[in-house]
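Let chain A serve as the given structure and place chain B on it in line with the hints.
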Amino acid sequence: MFEQLLNGFATALLPLNLLIALAGCLVGTLIGVLPGLGPTATLAMLIPLVFSMPPATALIMLTSVYYGSMYGGSTTSILVNIPGESASVITTIDGHKMAMQGRAGPALAIAAIGSFIAGTFAVLMLTFVGAPIARYALLFGPAEFFALMVFGLCTVASLTGTNVAKSIISTCFGLMVATVGIDLVSGAARFTFGNPFLQDGVDFVVVAIGMFALTEVVITAREVHAGTRAEIVKADKVWVSWSEFLYSLPSIIRGTVFGFIIGMLPGAGATLSTFITYNLEKRVCSHPERLGTGDIRGVANPESANNAASGASLVPLLTLGLPGGGATAVMLGALMMLDITPGPLMFEKHGAVVWTLIASMYVGNTMLLLLNWPLVNIFARVMRIPAKFLMPTVLVISTIGVWSLSYSAVDLVLTGAAGLLGYYMRIHKYPVEPLILGLILGGRLEQAYRQALIISKGSNMIFLEKPISLGLLVCAALFLFLPMLLKRSKQFVAAQESAEVA
Amino acid sequence: MKKIGLLVAGLALAGPLAIVPAAAWEPNGQGECIAPSNPGGGWDITCRTAASVLQKTGAFKGSIYVTNMPGGSGAVGIANVVTKRKGDTNLIVSASPALTFTVALQRTPYTYKEVMPLAQVGAEYGGFFVTADSKFKTLADLIAAMKADPKSVSFSGGSAPGGQDHMKVALFAKAIGVEPTKVVYVPFQGGGEALTSMLGGHTMVAALDISEATGQLEAGKIRGLAILSDKRSSKFPDIPTATEQGAPVDYVIWRGYYMAPGVSKEAYDWWVGTMKAMVNTPEWAAEREKLGWEPVTRFGDDFVKHVNDEAVRYRLLLKELGFVK
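Same order as they appear, the protein sequences are chains A and B. Quick note: the first sequence uses the numbering used here, first residue 1, plus one each step. Quick note: the second sequence uses the numbering used here, first residue 1, plus one each step.
Rather than coming from a laboratory, the hints here were simulated on the basis of the structure. Please read these numbers as outputs of a predicted model, since none were measured by experiment. Note that beta-carbon positions come from the ideal geometry of N, C-alpha and C, so glycine has one too.
Across the chosen pairs, the derived CB separations fall in these ranges:
hint, chain 1, residue 1, chain 2, residue 2, range
1, B, A148, A, S186, 19 to 29 Å
2, B, D238, A, C475, 42 to 52 Å
3, B, V324, A, F2, 52 to 62 Å
4, B, P109, A, R381, 46 to 56 Å
5, B, K137, A, L470, 27 to 37 Å
For lysine-lysine, the following DSBU-like pairs were computed, each having C-alpha atoms within a straight-line distance of at most 35 Å:
hint, chain 1, residue 1, chain 2, residue 2
6, A, K349, B, K221
7, B, K137, A, K457
8, B, K137, A, K349
9, A, K457, B, K147
Some, not all, of what chain A presents toward chain B, calculated at C-beta under 10 Å:
hint, residue
10, G141
11, P142
12, D183
13, A189
14, D200
15, L320
16, L322
17, T328
18, M336
19, Y407
20, I454
Bound conformation, chain B alone:
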């Protein structure tokens, strides 16, 4: 106590140097964003976009560098952050539902409870797409075919079974009362290959994110049967949602960040405020449009609850599908 007293006295004596009281916490030095993927991957883009906007708008005073830490669909990244970066106030880590699957499938011993989920800064919608000349004109045609014989329709997606694209199909099957394990889902490495297979007629329906389908949609080569969200996409408002067509599926692919465990409340609040401010800047809006993200956001506690609920929900679904015991 005495020492602190002396320190305070010292500061007071220092006078002019300490005139401006530090009203709130401010980050000091360099910032870092860990992208648990290779450069060019989704998580990498999430990091680089925030880093560039935060620096451009002056919201973060120092520079923010991006570290790539690929491995195990986010498992390597979260392990590193939990064990080695405790209390690091200058660090954010990019995340998306792909990490929720890594958590729900227990491919990492850690969960969202061991880290501090920070903010969701945007979201992408998924959808079902067919070739322009497909016999499925609307989602109703697809639902009818699935109900008659689930095995008569083949879906392709860019993730392994139990991953993001497979869940789109499984949730849809559940919503229309078809046993999800009966659905024919063909996994490919990435949405591009899943799309190619559908275009070549090797599979009938592709379960993709809208950004993966944009080029072909604009050219009229493929048709969107449904958007898997409760709102229509702002880029393609002509495609109806699945909910409108009697298959209530709300499956939003959020993009966001988490922080290391043990970060002080002041620092965490500063980051929450900064992220809130960031998504309202014109610089961010421009980047977001470019990436095709919807302005769907969540911050702080709201976001913490969302990701934890999501992990529980996916875990139950994966259990039902037989991917976890």
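For reference, chain A alone in the conformation it holds in the complex:
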């Protein structure tokens, strides 16, 4: 195996392939920075290019672009409060606050470092224990998925902290928007108003850009006009300090491990992993009250999680030939075009290419870390651009991002509507993140629930009969109710004590 891996490195380190990897990382980073274009869309756009390349080179290009866009996704989250892709929604919470406090540099840097650690961990796991651990992905059927997503949704209540009722309202609204489109189970068109564009549902990007980008632009404009805009603190350093690194290292490790475990389940993906790990982080770290106020761990944790998860999603694909969702499905298409049939025999039949691919993942991760060193410096300067120049640019780029999804005016109208709603929500202090999570998970949640019911012939007991699903549902209930019960009992004890004193 080591020999094959070394051969892989020999190919991946050829000057031409290194150049391709560098170009791929750069392009990927830039595209990842643009809101609207996530890793999946980016890979899909590159598929045509793959046609004319030798397999190893083509795969190196695809992986480096994929990795690059995963690294780049956090940049706009931090700088302008607009997630570059769905897995970076959580990063906005602490990341943008850090940028406003003049710490954009360290935020960007820790995102790159966390991504490097997580990405490398995922490839190491793929190299040494791939196939055995990939089998655990098979344990997850519809019932288990449903339970996992319920668990994910239960975390939003405590996500942004302030008002649980508002978080729940926001989540439910997201779930409602997720019902638009052709219903996967009955085939009926729901809330489409006869418009073929709506048959495929509302894309998360459309809503996210409306709620984050448009709202941010309007609010900034209002603040600038009224002269109430908070002064952005001048940045004094661009790289992260040793003590900050040590402070966030435990969060990076937790993000990496949980991100990897969740990311390996087909279809669960990087986004869900960031929500779940961030919430776990809130329970286990020291000084959890600092999270959400511009804590560097609030960037390190989800960014590690999403990179570990996207690396992990390749494990079942490459070892067992099982595609997960999103980007891995595109990867599968690319492999087939290169005449490589993904399956359990891939290492035997196309060993040289697969090991080159794995070697190029190590190379890509290292290259991105080195690339981010100067890039952080450049990106951090974005914070110095006056709002009157920055915001119109954001508006234009976001609009192009939405348009590029399916070249549909309907999407633009929906973005506008989402912007209005987002503005209302910001003014009235409804958190936006739960809505986005509801929208992302809603379709899958409903689908898994109904798939499970078809299998069980209508009996809800299936969720309690399967041990994994039962375990996850119990955890979800504990997450939701334990804090309340603890609070109650504390109040109760306190009340009794005060009564005794009296």
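Frame of chain A; chain B shown alone:
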């Protein structure tokens, strides 16, 4: 008339420039293939493969670019072509039975009658697959179990009910005399997920296209119970057809193209001839093998009749299943 006369005279006078008479219609300028899906999807591959072979073999003189127009399983594409691209002789649009379902389910106001179906350049067969250690050793075991209790078997497929993979199951049930609405069909997003669910033991039988099952078949992780066609697959000739095993199902997933309405007869005939020539080139054969398509073709009127019949047949079946009124 006078003007034409003058023009002819002018051309004659132009002499050397007009010596070669334009024997037949030839496309002029750039060609375009609309793929009504995202890049990397089935329709996208159908477009890109034809575009690359037609250019490589010189059958099309200019370049052919591919436009992706995703939305509504082909509904967005066909609406655009019918309303905005009338008479465009340089345009082809990729299609497959997935579009027939969009038409049969009336998810678009248009049908194959509003466009000009051009050619079927290849086909894929579907089949039923189980894990290597499944209790269903042959299709006969599956048929026996279904007849005893249709609800005791769960199928997974990569399409919504009323879509491609569900039809495989419904047609099979009909062929063995089981009420199709009684069959337990679990829909997944794409064949990959349907396969994963079957491998994990959450569903018993996966209804897939052969290309989706190839990797696992080669590794011996799954077993093919039946190929749903009247011929065996050229790649896996060991798997018997359903027809051989007493369940006559002929369900071929064709890959082809249609043209915009109002295209002149000369242009249409040129494209039919070009497609006929294309499928016989070694370049095409190589691509076809790679994609796992069978060399089953239809052209021109033959193809027009096929897709229209198919739309009627599926519509009746969908009505029977309660998906359309």
